[in-house]
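A.B. asks: Sequence:
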Amino acid sequence: MSEHHHHEHHHEEGLKKQILKIAVAALLLIAAVVVEKTCGLSKWQLLLVYLVPYLYIGFDTLKEAAEGLAHREAFNEHFLMSVATLGALCIGFLPGAATQYPEAVFVMLFFQIGELFEGYAEGKSRESIAHLMDIRPDVAHVVRDGAVEDLGPEQVAVGETILVKPGEKVPLDGVVVEGNTSLNTVALTGESVPRNAGEGDEVISGCVNLSGLVKVRTTKAFGESTVSKIIDLVEHATESKSKNETFITRFARVYTPVVVFAALALALLPPLFTGDFMGSFATWLYRALMFLVVSCPCALVISVPLTFFGGIGGASRKGILVKGSNYLDVLSKVDTVVFDKTGTLTHGQFAVTAVHPEKCDEWHLLHLAAHVEHYSTHPVGAALRDAFPDEATDGCKLSEVEEMAGLGVKAKVDQWTVCVGNAKMMDAIGAKWHDCEHVGTIVHVAIDGEYAGHIVINDKVKEDSAEAISDLKSLGVRRTVMLTGDRKEVGQVVAEKLGIDEYHAELLPADKVAYIEKLLTAHSQLPTPNWPSWATASTTPRSWRVPMWALPWEVLAAMRPSRPPMWC
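Residue 568 is where the sequence shown ends in my numbering, and the numbering goes up by one at each step.
By construction, these hints were calculated from the structure, which means they are not laboratory data. In this text, all values refer to a predicted model and were calculated from it rather than measured experimentally. Misleading hints may appear alongside valid ones.
[As the list claims (entries may be wrong)] Below 25 Å or equal to it, Euclidean Cα-Cα: the simulated PhoX-like pairs (lysine-lysine) are:
{"no.": "1", "residue 1": "K488", "residue 2": "K424"}
{"no.": "2", "residue 1": "K462", "residue 2": "K359"}
{"no.": "3", "residue 1": "K424", "residue 2": "K462"}
{"no.": "4", "residue 1": "K165", "residue 2": "K229"}
{"no.": "5", "residue 1": "K215", "residue 2": "K424"}
{"no.": "6", "residue 1": "K460", "residue 2": "K473"}
{"no.": "7", "residue 1": "K359", "residue 2": "K473"}
[What the hints assert, rightly or not] If you anchor each label on the Cβ, the simulated ranges turn out as follows:
{"no.": "8", "residue 1": "S470", "residue 2": "E154", "range": "44 to 54 Å"}
{"no.": "9", "residue 1": "A423", "residue 2": "A510", "range": "23 to 33 Å"}
{"no.": "10", "residue 1": "V139", "residue 2": "E199", "range": "33 to 43 Å"}
Glycine residues also receive a C-beta, built at the ideal position from the N, C-alpha and C atoms.
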């Protein structure tokens, strides 16, 4: 089991134990109430009875409060809950006061329920990016002494030759020394168009080999390879959490000392002015403890985690991944948003966007191209078949199918010999082709050796992307940026179409991380933005104003075409 999956399993087990603990504490509380109502015990005896559920459910909170005191960081929500509940336990021993043991246990119980919901919400968000681990290669086929050995990628040395079969992930960074293929790099770069790779071309680990068998000479050890660095970023992301504290922690730092000192003043000052300090001290001490109990912001302590839970859950149902509650806390101060392209602003799937025939009509051109690509596993072939769904039932005869690596596919459809591929294929058969002004993957078609036209295939922009960009700007976002692994001309077209302020193309995951860090550095030097009215109500210090793109990178890297989330 990988370290990542171990962490996920550990988190699930922790949630189960916490749920069980809350359930047992609730049963113990009910049992204590029954004992109180039926057995007629003294206050001290009842205290011992109620201490069982109280300590069982509240031990961790009391421990956190004690550690805070030891580290001179006493004024947090744990200290607040501890003081209030201990006060509730003590009230009953003052003259004429009623016991409030159940209240003390209830407060601790509900506090733990709030913590449970927040932990559950953050755990679900982490699960949403767990599929990134699918890019981890399982095995490397190493050529040694004329034989092929299956080894773990970490056992392969730099300079060795490995075989990568169709459908497998490239296990290590290297250079192709034999063979031609197409590589699916969408999991690493976000580029929707598969990249052709032949002898002398560099390949990066984590890509999926789509077609041909290739031999690769490794240039990096597994620990230094692209896929290893990405996985390391994901698995250690929790070690670089934001320095922002949750609202309840900041609130408790102010509220807790105010309440505690006010309670002390209430217990000590009034008796000094009555003339009978000892006679009235018990009464005012009781009132001070009551003040502590009623001043405990149970609703706030519970509602804040529940609010974050609702926000994270609601966002995830919309396809938006939020790493944790502290990131929701800063959304009202966002002035810059960074987007991925593929699967976020675009659908992440190929589709025919234009058909430009030369020697026939559009229907005939699509018809022949779809037939030729009938057996192709390439995404371009799937797009052509989707654009002409009737090709499987129109009765045309397909024969002599020949896939030409790095060029395209040649086949006979009824009486026509049809070539469907790139410009190199047209050159190889002597067809006079011409380029297209449209941006995208240009699929050229030749019929019986003559150029018949071309089909433009591209990753289509989502229908609501432009509206989303416009809405963000109306909410106070001043700057939108798009980072993509796709080609520059593709990124430019998408950015112009959606009204994005700036774009950066042909980026690897590490390049995206570097650019995010660059934006963070630049943002720290910016003047205070002109926030909309709803955002200026917060009293959050300027140092806490972190842009939306200051999130752990693995959330950004987890973009998938299957259910594309926004970067946030």
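A.B. asks: Are K424 and K462 close enough, with their CA atoms no more than 25 Å apart?
C.D. replies: Distance ~32 Å between K424 and K462 Cα, so the pair is violated.
A.B. asks: Mind checking the alpha carbons of K488 and K424 for me, to see if they're no more than 25 Å apart?
C.D. replies: Holds. K488 to K424 sits at ~22 Å (cutoff 25 Å).
A.B. asks: Next pair to validate is K462 with K359; report whether the Cα-Cα distance is within 25 Å.
C.D. replies: Outside the cut-off at roughly 33 Å; violated.
A.B. asks: Could you check the hint for me, namely that V139 and E199 are 33 to 43 Å apart, CB to CB?
C.D. replies: violated (24 Å)
A.B. asks: Can you tell me whether the CB distance of S470 to E154 sits inside 44 to 54 Å?
C.D. replies: Given range 44 to 54 Å: holds, Cβ gap about 48 Å.
A.B. asks: With a cut-off of 25 Å on the C-alpha distance, tell me whether K460 and K473 pass.
C.D. replies: holds (23 Å)
A.B. asks: Is the hinted pair K215 and K424 satisfied, with a Cα-Cα distance of at most 25 Å?
C.D. replies: Within the cut-off at roughly 23 Å; holds.
A.B. asks: Are K359 and K473 close enough, with their CA atoms no more than 25 Å apart?
C.D. replies: violated (47 Å)
A.B. asks: Do the alpha carbons of K165 and K229 lie within 25 Å of each other, as the hint requires?
C.D. replies: Holds: K165 and K229 sit about 23 Å apart, inside 25 Å.
A.B. asks: Are A423 and A510 spaced within 23 to 33 Å by their CB atoms?
C.D. replies: 31 Å Cβ-Cβ, so the 23 to 33 Å window holds.
The structure does not agree with the numbered hints 2, 3, 7 and 10 stated previously, though it agrees with the rest.
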